[in-house]
Amino acid sequence: MAEPPGPVRVIEETPAYWRVVFDYPPFNILDATIFQGLQDLLARMDASPSLRVVAFESANPEFYLAHFDLTGKTGNITTAVGPSGLPILTDTFVRLTRSPVVSIAKIRGCVRGASSEFVLACDMRFASRENTRLGQPEVGVGVHPGGGSTERLPHLVGRGRALEIVLGANDFDGDTAERYGYVNHALPDSELDAFVDALARRIGSFDRRAIAAAKHLINQVSLPPAGRLLDGLNSFQTALTWTEAQQRIQTLLEHGLQREIDFEKRWPALLGELFET
Amino acid sequence: MAEPPGPVRVIEETPAYWRVVFDYPPFNILDATIFQGLQDLLARMDASPSLRVVAFESANPEFYLAHFDLTGKTGNITTAVGPSGLPILTDTFVRLTRSPVVSIAKIRGCVRGASSEFVLACDMRFASRENTRLGQPEVGVGVHPGGGSTERLPHLVGRGRALEIVLGANDFDGDTAERYGYVNHALPDSELDAFVDALARRIGSFDRRAIAAAKHLINQVSLPPAGRLLDGLNSFQTALTWTEAQQRIQTLLEHGLQREIDFEKRWPALLGELFET
Amino acid sequence: MAEPPGPVRVIEETPAYWRVVFDYPPFNILDATIFQGLQDLLARMDASPSLRVVAFESANPEFYLAHFDLTGKTGNITTAVGPSGLPILTDTFVRLTRSPVVSIAKIRGCVRGASSEFVLACDMRFASRENTRLGQPEVGVGVHPGGGSTERLPHLVGRGRALEIVLGANDFDGDTAERYGYVNHALPDSELDAFVDALARRIGSFDRRAIAAAKHLINQVSLPPAGRLLDGLNSFQTALTWTEAQQRIQTLLEHGLQREIDFEKRWPALLGELFET
Chain A
-11 MAEPPGPVRV IEETPAYWRV VFDYPPFNIL DATIFQGLQD LLARMDASPS
39 LRVVAFESAN PEFYLAHFDL TGKTGNITTA VGPSGLPILT DTFVRLTRSP
89 VVSIAKIRGC VRGASSEFVL ACDMRFASRE NTRLGQPEVG VGVHPGGGST
139 ERLPHLVGRG RALEIVLGAN DFDGDTAERY GYVNHALPDS ELDAFVDALA
189 RRIGSFDRRA IAAAKHLINQ VSLPPAGRLL DGLNSFQTAL TWTEAQQRIQ
239 TLLEHGLQRE IDFEKRWPAL LGELFET
Chain B
-11 MAEPPGPVRV IEETPAYWRV VFDYPPFNIL DATIFQGLQD LLARMDASPS
39 LRVVAFESAN PEFYLAHFDL TGKTGNITTA VGPSGLPILT DTFVRLTRSP
89 VVSIAKIRGC VRGASSEFVL ACDMRFASRE NTRLGQPEVG VGVHPGGGST
139 ERLPHLVGRG RALEIVLGAN DFDGDTAERY GYVNHALPDS ELDAFVDALA
189 RRIGSFDRRA IAAAKHLINQ VSLPPAGRLL DGLNSFQTAL TWTEAQQRIQ
239 TLLEHGLQRE IDFEKRWPAL LGELFET
Chain C
-11 MAEPPGPVRV IEETPAYWRV VFDYPPFNIL DATIFQGLQD LLARMDASPS
39 LRVVAFESAN PEFYLAHFDL TGKTGNITTA VGPSGLPILT DTFVRLTRSP
89 VVSIAKIRGC VRGASSEFVL ACDMRFASRE NTRLGQPEVG VGVHPGGGST
139 ERLPHLVGRG RALEIVLGAN DFDGDTAERY GYVNHALPDS ELDAFVDALA
189 RRIGSFDRRA IAAAKHLINQ VSLPPAGRLL DGLNSFQTAL TWTEAQQRIQ
239 TLLEHGLQRE IDFEKRWPAL LGELFET
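Quick mapping for you: the protein sequence lines, in order, are chains A, B and C. Under the working numbering, the first residue of the first sequence carries the number -11, and numbering increases by one thereafter. Under the working numbering, the first residue of the second sequence carries the number -11, and numbering increases by one thereafter. Under the working numbering, the first residue of the third sequence carries the number -11, and numbering increases by one thereafter.
Heads up, some of the hints might be wrong.
Copies of the same chain are indistinguishable here, so a pair counts whether it falls within one copy or spans any two.
[Unchecked claim] As a list, the in silico SDA-like pairs of lysine to any residue whose alpha-carbon atoms are at most 25 Å apart:
{"no.": "1", "residue 1": "K61", "residue 2": "Q27"}
{"no.": "2", "residue 1": "K61", "residue 2": "E252"}
{"no.": "3", "residue 1": "K61", "residue 2": "Q234"}
{"no.": "4", "residue 1": "K253", "residue 2": "R189"}
{"no.": "5", "residue 1": "K253", "residue 2": "S193"}
{"no.": "6", "residue 1": "K253", "residue 2": "A186"}
{"no.": "7", "residue 1": "K253", "residue 2": "P(-5)"}
{"no.": "8", "residue 1": "K253", "residue 2": "T21"}
{"no.": "9", "residue 1": "K61", "residue 2": "Q225"}
Treat the hints as calculated values from the structure; they're not laboratory data.
Take the sequences, apply the hints, and build the full model.
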């Protein structure tokens, strides 16, 4: 099916298996436009009874989804409420986890902050061994994660590694992310596409009811309660108003965040040295 | 002690340490006969105050326990109730987890579906690096796991890997199973026997009360509630009645499941291609 | 800042980052003196609003903290109550986990029993690849862990590996501890100091409120309830009165525990052979 270009583009490989491509130059920044694309996608998934699996990838090999927008383009995603009754940001991630459709993140490039929380809300995560920079740098920006990682990471990687990821606020490469359990598996970049495609087609051949029932049972013992996710989001909203946070965001933007590709690629590593303390 | 041959054979290495050997040709299919053997074993364990540890192995290096019988030989194991008040299938696994006696699965060969759920109910799992095919292929058969893996795997390997194991429905080798936390440790096949034997004899030398108290404390924070396990079993029972599931089972039996060794060894890998969709 | 020598010595690297050095010859045995040092440290941490992170290390490369004292020098640490309302042993570990200050264990040498439980109460654990002997040998001494490992390990390493660690009662080296998730990461010994120092200085440069809020959110979904920890401690107290436990402790002391360095280094490996059964 021909599909118009757009920031969240759907390619219907088969009626059971869609690829979803993030294509939002220059860096696939996670802003209100991307969230609208994801909301549209979720509505379309809900209306597609033949669909079994969606695999998310990026058109830009250097940026999967860079991070939450810090220039004011996030619209009302933390205040307006989505179909689940939760704020759009949380609603988007929660509906992905609860959907009868399986979601796979195929990761290449930079994935930080709320974008890391997007892949944590996917059912599975596979990453390029050579080309993955995954992390939660929020604490180094003076705030903290608000999109579910403080709730999801401890059950995925254990409390110690969750604290290292969140409080260390640095990038993790593919191999470390696999060893920590942050992603399912890191593969050589040249094998990643074929691996995810084969897994998605395989799941696409299975009975939808069986998939949905199995995922539902696993969800019962593995999803964080919505109240916990809201606590995290509310605390994040408060943190955004702190003077220290505003100053750090300002400094990052002045240094080139969301403008200069070289800075955009490596800014988390610099968080320990960039600010006067 | 001389022990009559049988499908679940006990070898009393010492009063504190028993080996239990699955020996049920041709493939160690998990049916009512094996469950009766396990129920008898549990009763005997309960009546043996000197016992500290049982290690489960297979007489057939290619099949540890193949999988749940799909030809109607499962008797009343999902309907009749065992000593715990739970259906025999669940009762067998739950009593193993709650027993003051330590259980170790020493894995060689194929272990799929309910057999994977048996090893997940053991206290520890050690696997042959070269010779392990472990998985939950149920979703590829049109049903889903019903013996506890949807409840146990998320806490063992995290939600992402649990979903990959259950929804991908494929085999995992020893190294991947170790990396995912599906087994404790994968060892070179030539070292597996000595490793498990040394560990079992060591535990066998410890005080039974100390073992029981420690396992009890860990159980308090790590066992799934019985109600969750029953939800999974009930949902599985319903799934078995679906037309799609019945057709997939029929197709698998026609292709040689439970009859032809070559098909029996590699059928999960074929689940993506075997059925018309 | 010059600091008087002592068993728990604080080195204020910066107002935001302190190193804490265990220096209590001959083996850094965990007794009432060390707990008093930790209680004093916690009070000082609570009174230091500029502090972000403490990193714990040992002055003795062969012993990080050997283990709980078995010669009667533990004072009232399991009976007297600390500021949290819990017994001193539990209070010390619980307050470390709840503190807004980040704690890092930099592990070299032997760390067993209650000392392992100390590092499990730290926010992160980094270990020397060549020089780490970490474990919970209590069950081999006829008792069981009482300082939180039976509650913390299952969520960190999964039930199967927690049972192996606690019931196997043996040492784990750095690589295995990393693979199991028992420590965050094992590094070559020559890189360990620089790695931890860089991470601590980095976290030390972050906003204290952001750190505290992030850790608080993670704690909500990852800390065991105090009631569970008390169950473990009470059960441990009972176990200490068992004749079998008293005999095993006596045998260990006679063989050189807490006296002879060679025995002190390798006693857990000998637990399977030392006692008449």
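Hints, one by one, checked against the model:
For a Cα distance limit of 25 Å, the shortest separation of K61 from Q27 inside one copy, 16 Å, qualifies, whereas the shortest one across copies, 48 Å, does not. Proximity of K61 to E252 under the C-alpha cut-off of 25 Å is restricted to the intra-copy arrangement: shortest distance 17 Å within a copy versus 56 Å between copies. In this assembly of identical chains, the alpha carbons of K61 and Q234 lie at most 25 Å apart only when taken from the same copy (16 Å versus 52 Å across copies). Only between protomers do K253 and R189 lie at most 25 Å apart by alpha-carbon distance; the minimum there is 22 Å, versus 32 Å within a single protomer.
Taking the closest pair of Cα atoms, K253 and S193 come within 25 Å of each other only across two copies (21 Å); inside a single copy the shortest separation is 38 Å, beyond that limit. Only between protomers do K253 and A186 lie at most 25 Å apart by alpha-carbon distance; the minimum there is 21 Å, versus 30 Å within a single protomer. In this assembly of identical chains, K253 and P(-5) lie within 25 Å of each other by CA distance solely inside one copy; the values are 20 Å within and 45 Å between copies. For a Cα distance limit of 25 Å, the shortest separation of K253 from T21 inside one copy, 21 Å, qualifies, whereas the shortest one across copies, 49 Å, does not.
When the C-alpha separation of K61 and Q225 is checked against a cutoff of 25 Å, the pair qualifies only within one copy, where the shortest distance is 15 Å, while the shortest distance between copies is 50 Å.
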